[in-house]
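Chemist: Chains as they are written, first to last, in my numbering: chain A, 1 to 106; chain B, 1 to 106.
Think of the hints as simulated: they come from the structure by calculation, not from any bench. Check each hint, because a few of them may be wrong.
Since the list gives no way to pick out one identical chain from another, each pair is judged satisfied if it fits inside one copy or across any two copies.
[As the list claims (entries may be wrong)] Lysine to any residue pairs mimicking SDA-like chemistry, simulated, CA-CA at most 25 Å apart:
1. K72 with T83
2. K50 with T80
3. K77 with T87
4. K45 with G91
5. K45 with N73
6. K72 with G43
Since this is a predicted model, take the numbers as computed values, not measurements.
2 protein chains.
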Amino acid sequence: MTEKTTKKRTTEEKRTDEDVIYVGHKPPMSYVLAVVTQFNGNGSKEVILKARGRAISTAVDTAEIVRNKFMKNAKVKDITIGTESVTNEEGRDSNVSSIEISLTTN
Amino acid sequence: MTEKTTKKRTTEEKRTDEDVIYVGHKPPMSYVLAVVTQFNGNGSKEVILKARGRAISTAVDTAEIVRNKFMKNAKVKDITIGTESVTNEEGRDSNVSSIEISLTTN
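Put together the whole structure using the sequences plus the hints.
Modeler: In structure tokens form, the structure reads like this:
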């Protein structure tokens, strides 16, 4: 779903698509690992967790586990909720709630 | 789970427990109705949705339905996430994520 972007990091273009982690139906620890890798391995200053529907609670779990267990210096900078329109298999549109949790380190 | 409080409203004590709606495993519309009643029937200026675990996504659904369908003037004032410790039936403690979404009208 995410577009592939260049790995080059410039000061002008600080946030890349790599800093966005899409949370789905795997266990929270999969996403925790992705977040920690993004901060510690790739040197991101801000990581955004995005989730829709049922995965919203997994995104919150992920943020809380990162913050409480793995990176005590991580903070929740911002949380936004929204509604997205999705087309199901039968071709009908339905609305699904979404969340974006942005985590930062000091 | 919520304690019963007096119905009297004073200027000093504006937010009562009535303004907190605990979201559980009913369909979102049950909680949407509770929120709309709280704003329109009881005259609250701020309503807080609280949920834990899987119900977190239902709380987000509720806020989004209120905002998009029933009360276009309602805004998400603040969202906070946290972790609560709960004791299960076997007496063991486990952690569960929680969310608080505060909705206000202008």
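Chemist: All hints, please: hold or fail.
Modeler: Each hint, compared with the structure:
1. Taking the shortest Cα distances, K72 and T83 sit within 25 Å of each other only across copies (14 Å), while inside one copy they are farther apart (31 Å).
2. When the C-alpha separation of K50 and T80 is checked against a cutoff of 25 Å, the pair qualifies both within a copy, at 10 Å, and between copies, at 16 Å.
3. Proximity of K77 to T87 under the C-alpha cut-off of 25 Å is found in neither arrangement, the shortest distances being 31 Å within a copy and 30 Å between copies.
4. In this assembly of identical chains, the alpha carbons of K45 and G91 never lie at most 25 Å apart, being 39 Å within a copy and 40 Å across copies at closest.
5. Taking the closest pair of Cα atoms, K45 and N73 come within 25 Å of each other only inside a single copy of the chain (12 Å); across copies the shortest separation is 35 Å, beyond that limit.
6. Taking the closest pair of Cα atoms, K72 and G43 come within 25 Å of each other only inside a single copy of the chain (16 Å); across copies the shortest separation is 41 Å, beyond that limit.
The structure shown violates the earlier hints numbered 3, 4.
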